[in-house]
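Asks: Go ahead and model the full structure; you've got the sequences and the hints to work with.
FYI, in the working numbering the residues of the sequence shown are 2 to 282.
Hints were generated in silico from the structure; no laboratory data involved. One should not assume that every hint holds.
FRET-style restraints, in silico, Cβ to Cβ [to be verified]:
1. C44 - L279: 33 to 41 Å
2. E48 - E232: 37 to 45 Å
3. G128 - E273: 43 to 51 Å
4. A280 - K143: 40 to 48 Å
5. D55 - E147: 29 to 37 Å
6. A208 - E232: 23 to 31 Å
7. V37 - D262: 14 to 22 Å
8. G113 - C44: 19 to 27 Å
From the three backbone atoms N, C-alpha and C, an ideal C-beta is built for every residue, glycine too.
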Amino acid sequence: MRLAFSTNAYLKFSFAEACRRLATIGYPGVEIMADVPHAWPACLLEEQKQGIRDALARNRLAISNVNAFMMNAISDARQRYWHPSWIEPDPHYRRVRIDHTRRALTLARELGAPCITTEPGGPVEPGGSWSAALRLFVEQLKPVAEHAEKEGVLLLVEPEPGLLVESADQFLELMQHLDSPAVGLNFDIGHFYCVGDDPAPTVRRLAPHIRHFHLEDIAATRVHHHLIPGEGAIDFAAVFRAIRGIGYDGWVTIELYPYVDDPDAAARTALERVTEVLACP
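Replies: Written out as structure tokens, the structure reads:
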């Protein structure tokens with residue numbers, strides 16, 4: 002396993018400065034935000050893309066993933082990360098999410114990233130049908146999955162508490178309707194814990210679909226708030242045993258976006274604690 006850190010905790014810094022800081026702390030990889038202020042695909046000039054490549058090379062960093070889940074650039078008043086979603090009632094607004102995801106896939110290919118992550122369908126409208134929302138999500142995903150195949154980049158759905166697909170059961174139901182080799186799972190350890198899916202056995206259950214991991218701790222209340230590993234209730238030793246057990250040797254990206262006021266401290270503490278757990282047999 003290789004550890005990376007998401008630049009979504011470094012929204013008060015340029016991408017180049019975030020890279021410099023994370024390399025100094027000791028991370029070998031970073032997750033890039035396909036968003037403001039780092040790499041919003043819709044407005045990214047070729048010279049800016051080259052600046053990203055240069056910052057990575059200068060700091061000897063690899064890309065673990067391109068995060069296309071968050072959309073701070075749109076900053077929807079309802080929730081700036083989830084909206085616009087794949088299942089917005091307004092098809093024109095829905096199209097914003099679709100086009101953003103297509104652009105993020107192309108950006109990932111241009112930067113040499115293996116995958117992008119996206120939100121799992123958004124919240125179901127009050128009184129709406131979950132099954133109907135799932136059908137709409139699948140309908141929107143299929144052509145974007147074809148684009149992912151053409152770009153040679155994985156499109157990873159990230160189950161999230163409170164959204165259309167939040168549990169292991171729901172993710173497996175989604176995958177019954179998709180047959181693209183480009184679609185997989187971003188296994189967010191904290192998210193599954195929030196919805197009552199014990200992460201360690203869930204890793205084993207979803208192993209055939211897992212292509213990338215997000216890591217953060219969650220309080221024993223299971224309220225969805227990302228915490229530095231060791232400050233919540235997740236048994237990371239058991240989770241890492243499960244990850245090793247399925248033969249996964251890819252990236253585990255630590256995602257601590259609530260810590261924008263002091264991302265260095267969060268990144269450093271997280272690296273120390275996770276490395277310590279990984280060192281245990």
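Asks: It remains to establish, for every hint, whether it holds in the given structure.
Replies: Each hint tested on the structure:
no.: 1; hint: C44 - L279: 33 to 41 Å; in the structure: holds (38 Å)
no.: 2; hint: E48 - E232: 37 to 45 Å; in the structure: holds (40 Å)
no.: 3; hint: G128 - E273: 43 to 51 Å; in the structure: holds (47 Å)
no.: 4; hint: A280 - K143: 40 to 48 Å; in the structure: holds (43 Å)
no.: 5; hint: D55 - E147: 29 to 37 Å; in the structure: holds (32 Å)
no.: 6; hint: A208 - E232: 23 to 31 Å; in the structure: holds (28 Å)
no.: 7; hint: V37 - D262: 14 to 22 Å; in the structure: holds (18 Å)
no.: 8; hint: G113 - C44: 19 to 27 Å; in the structure: holds (21 Å)
Figure legend: structure checked against the earlier numbered hints; every hint is met.
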